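My request is simple: use the sequences and hints to build the entire structure.
Residue numbers (the working numbering), protein chains in the order written: chain A, 1 to 309; chain B, 1001 to 1501.
I should point out that these hints are in silico values taken from the structure, not numbers from a laboratory.
No experiment lies behind these values; they were computed from the predicted model shown.
There's no promise every hint is true.
Said to hold, decoys possible - Here are a few chain B residues that face chain A, going by a calculated C-beta distance under 10 Å: (1) GLN1024; (2) ASP1046; (3) VAL1150; (4) ASP1249.
For glycine and all other residues, C-beta sits at the position ideal for the given N, C-alpha and C.
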Amino acid sequence: MAIFQSVIGKLKKGLKRTREGFVDSLRTVLLGKKLDDELIREIRACLIKADVGVAATDRLIESITEAYKAGTLTQGADVLVHLKDQLAELWPECDRSLKTASSSPTVYLVIGVNGAGKTTSIAKLAWLLKSQGNSVMLGACDTFRAGAVRQLEVWAERLGVDLIKGQQGGDPAAVAFDACQAANARKADVLILDTAGRLQTQDPLMRQLTKIKNVASKQVPGGPHEVLLVIDATAGQNGLRQAEAFAEASDVTGIILSKLDGTAKGGIVVAIRDAINIPVKFVGLGETPQDIEPFDPDKFIQAMFEQEG
Amino acid sequence: MFDRLSDGFNSVFRKLSGKGKISQANVQEAMEEVRRSLLDADVHLDVVEAFCQGVLSDALGEQVTQSLQPGQEMIGIVHRRLIEFLGGEADGSSPEPGIMRVSPGPTVVMMCGLQGAGKTTTCGKLAGYLKKQGQSVLLVAGDLQRPAAVEQLETVARQANEDLPGGGRVEFYSEPDKCDSYGKAVGVAVGVCQRAVKEARKRGIDTVILDTAGRLHVNDELMGELSAVQRRVQPHQIMLVVDAMTGQDAVLSAKAFHERLAVDGVIMTKFDSDTRGGAALSVKHVTGATIRFVGIGEKLDAIEPFFADRMAGRILGMGDVVSLVEKAQEEISEAEAEKLQDKIAKGEMGMDDFLSQLRTLRKMGPLKQLLGMMPGIGSALKDVHVDDGQLDHVEAMINSMTIKERRKPDLINNSRRKRIARGAGSKQEDISQLVKQFSAINTLSRQMATMSGASKAKAVKEMSAGGGLEAMMPGLKGMPGMMGTKGSTKSKSKKKFKKRR
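See the structure below:
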């Protein structure tokens, strides 16, 4: 329930979201049940329905079955603990925080497919970093989608942070260059670069991403310090392909799992971690800048087994 | 798309075709593989179960178990079930896609969906599609939550109006002062939509498309806003926009939208990704609403009507020749085609004609997408990387030839070849190869053009060796050159690919 409790906390802060009815009826499949073949089948269904994917699910189920046969797992509740342990192992504490540069500015590059929630996630990151006392600057490198620059501009105005933008339809790498220069000149602590959404199947656009990254690394020593891939929690097994392709094009260092406030569980990040070892750093839980939280494996696993009662 | 799914099915068919007869045991074993690839393709767990149950019960019926060609029988069964799950009729046909028109107008269409599904872009694409049919369209900015959504729609509307072909027009309606940050100003969109429809009536608009804010299906307040729009404006059709890359949750959210709004149709977006398309198989089964359109690219003209039977064919690697021919007909006029056929018959086809065909071909969409519609080629191309950029080189080579050379490529000797290669920035071998391929195409097309209708059909059948060809016969008229071009570019890109490896 934990992941939703934090959401409820936010709701009470005046967001007036009406999830309570839904949240109240949640129950956990596992609690209070003895582990048997039937329950293992149910666990498997939960994992599949959470988008964990067949391969990763089979591996997890195998370890549960082994422990069950060895007699170390007997209760449903133990399975939760068992899975949490496995996942916590996958996501050690250390790599869930954002890297920072030894000398400012720190540059974060945010990438992802169309409609994953990049711009909103950037607004959240900017809010978070600003509230921690950093001076934040945004670079609007999405010169392709209509209204994208304006969208980021509105967020910049609302959050009171600087924005560097270029021409609609211009070269995004040029905007990245300008933004890096400006961040250097104005001595900003953090620069976050927004990029246009692109499907991983579009090679020219993926190459463009590599170019933007190269610009950042030339202008700012050690940059970009993080390349953050935004993955929609509703994404299915295609998310794994996304992660693979984006990792190849621009060395992704972390994932922001967006839109986790719906009914989607975002299990695809387990498959991603299982296959190519990219950690989740943040989760997005709503549309306001404050709706961002560090990723918590415990809450994440728990949510996977919750059902409408 | 659908590659993995196709593989899964194909392995089942292969396994069964080795067997003399279908038995309960070997079908069940084979279906295990199908189940896995369906899950891998993000088909919802419950839908997978229903699908496999359906296929199993069909397969174990008496007719099949006694059939001598169990592999073929299974293909038939799976094909029928796929059509059913994709929303086709019982007789294997598809319901008419597109937007139903209401008389007197305007027809009001409301879009809805989760955040980031692609509603606003789809609004523009749909408007462009209707404009092509000669309709006047009003795009209404009803997304007052996401920053700059109104501006995005305005730009999209302008682009659709100015850049897309067609006799209709695309107009735009907004009340920009009503925008507010998320969660505030809920319900304001209702008034905007009402006034927009009134305005459309005044302007004599054919179709009104209401863009709405993306929302989670669990957000009661915003879902309430949609219901309010539905009540007050009474749209004739409600379209749910679904991201084709969505996983298991697609079903839950689609169901929630459907329960609230009684959705009339679904538009699948981002179909050009390497999605496994599970959402497409799940949504119809759960909501009963059929898929009307699919979005297949970033540009505003990248939208296609959806046909369940054709899509089922694509999944099973049978290709989709009907759509291919339709695409070709959209780009080539009858007169042009006839002129070309004359030229071919007389053996007068030159590099210029070849070039214009190449350009037409490229207008039809990315090469890989087109090739994927050819029977048997889709699955063969699965891991092959087709780079449309290669065609730029071909164009450059032809552009570097003189008019005489283009008419009579035989003229090209060593020194001419050297000059052309320099002009196009390519190697001399590439020029030779192009000329050689061109003459091969020329010979082939000449043969085909002088053939009778029946033998032409036979030749095509031999060329593509697959099912579903009967339907393309009427469209084939006057297009032998097209077929030739396609064959050549395919072998070319494949060759290039090997070289790079």
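Results of checking the hints against the structure:
| no. | hint | in the structure |
| --- | --- | --- |
| 1 | GLN1024 | 22 Å, violated |
| 2 | ASP1046 | 9 Å, holds |
| 3 | VAL1150 | 8 Å, holds |
| 4 | ASP1249 | 4 Å, holds |
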